[in-house]
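There are 2 protein chains.
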Amino acid sequence: MFYGLKLLEYTRTMTAITPQPPTKAQLLELVAALGTAQWQDFAAAAARHGLTSVQAKLLAQLKGPVPMRGLATLLVCDASNVTGIVDRLESRGLVRREPDPRDRRVKNVVATDEGLETIRRVRAEMQATHSALDALDEEERTALYGLLERLRPGMERRA
Amino acid sequence: MFYGLKLLEYTRTMTAITPQPPTKAQLLELVAALGTAQWQDFAAAAARHGLTSVQAKLLAQLKGPVPMRGLATLLVCDASNVTGIVDRLESRGLVRREPDPRDRRVKNVVATDEGLETIRRVRAEMQATHSALDALDEEERTALYGLLERLRPGMERRA
DNA sequence: ATGGATGCTTGAGATCGTCAAGCAACTCGA
DNA sequence: TCGAGTTGCTTGACGATCTCAAGCATCCAT
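Residue numbers (our numbering), protein chains in the order written: chain E, 315 to 473; chain V, 315 to 473.
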């Protein structure tokens with residue numbers, strides 16, 4: 315791993331400073347609290363642009379054309395649900411449905427320029443999240459990234 | 315000696331490829347991805363007990379009696395919304411509304427024994443989250459906890 | 001004691017989410 | 001080539017979530 319050394323270093327420091335290791339329950343609770351706070355931050359920023367959090371989340375997936383089915387998979391929901399969300403985004407000119415040249419059943423969703431600009435602003439306006447990350451120096455950010463990277467494989471495993 | 319050699323090799327590799335600290339955007343994206351995954355994990359566990367994620371989240375707040383208004387604040391939503399959620403939980407015997415002895419306007423929501431048991435199980439059944447945390451040893455968990463603790467003040471600041 | 005705040009509920013209206021059903025288009029084997 | 005099964009998307013029905021405005025009961029402060 316690329317972040318291995320920095321991580322090891324930081325871990326040792328923290329272990330020296332913090333005598334009592336947290337219980338798994340405590341860690342779980344903290345992770346949940348921060349996740350919730352970040353979601354609220356995201357939802358508030360989206361709302362300032364007249365978007366629901368779900369609409370903003372969908373928009374955030376559109377780095378390129380994505381078929382409806384793909385969006386349903388990314389958002390972990392039924393395909394029929396995506397229809398409505400895209401409908402509302404499209405009626406506001408933030409996304410566009412394009413036919414797929416290789417499969418006429420498929421409709422690819424693409425963010426318009428306005429859509430891209432909007433989601434860019436939403437991300438930039440997540441004040442709480444940005445200020446939280448600003449509290450960490452570069453070494454700490456590197457350590458955090460390394461630790462979170464190690465959590466990913468477990469989290470992504472489908473039960 | 316075999317292991318020593320391997321270790322030396324590894325160390326040199328790690329030193330040679332100086333880890334680029336992650337950009338703030340990368341870190342943000344990773345945090346968001348893990349937050350989403352944990353929420354999905356929670357929602358799936360709740361669904362196995364016939365609860366929506368919002369119902370489970372409300373239930374998770376009930377360590378003691380909490381007035382409706384307090385729940386609205388905790389869940390960051392309108393008080394009128396809480397009425398419906400509590401209605402549905404109450405009709406299933408998972409929570410109870412009790413009059414407040416000091417203020418007759420207030421109704422305190424309390425989890426029933428069945429409610430407590432249910433939310434306990436939901437937490438225990440978050441397989442992905444538990445297995446992700448199991449990937450960290452005690453030192454790493456301590457380090458992660460410390461880092462997340464430093465994020466908290468920034469996140470909790472109301473914009 | 002009364003006017004203004006506070007706590008909760010109700011009703012209207014929009015979004016989100018699932019499921020079942022339907023149509024169009026693709027795939028693959030006989 | 002043809003037809004059966006699969007896949008992608010939409011529609012409609014229905015329930016849950018969410019906000020806002022309005023209403024009632026209760027508190028609180030003057």
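Any given hint might turn out to be false.
[Stated by the list, open to error] To give an idea of the interface, some chain V residues facing chain E are shown, with a C-beta separation under 7 Å as derived from the structure:
# : residue
1 : K338
2 : V368
3 : G384
4 : A386
5 : L389
6 : L447
7 : T456
8 : Y459
9 : L465
Calculated from the structure, these hints are not laboratory results.
Here a beta-carbon is modelled for each residue, glycine too, at the ideal position from N, C-alpha and C.
For each hint, the structure was consulted:
Because the closest C-beta pair between K338/V and chain E is about 6 Å apart, less than 7 Å, the hint holds. Nearest Cβ of chain E to the Cβ of V368/V: about 12 Å, over the 7 Å cut. The hint is violated. At a threshold of 7 Å, the smallest CB-CB gap from G384/V to chain E is about 16 Å, leaving the interface hint violated. For A386/V, the shortest C-beta to C-beta distance to chain E is roughly 14 Å, which exceeds 7 Å, and the interface hint is violated.
At a threshold of 7 Å, the smallest CB-CB gap from L389/V to chain E is about 9 Å, leaving the interface hint violated. Evaluation of the L447/V hint against chain E yields a held restraint, the C-beta minimum of about 6 Å falling below 7 Å. Residue-level restraint check for T456/V holds (minimum Cβ-Cβ distance to chain E is 5 Å; threshold 7 Å). Nearest Cβ of chain E to the Cβ of Y459/V: about 4 Å, under the 7 Å cut. The hint holds.
A cut of 7 Å between beta carbons decides the hint on L465/V: the least distance to chain E is about 4 Å, and the hint holds.
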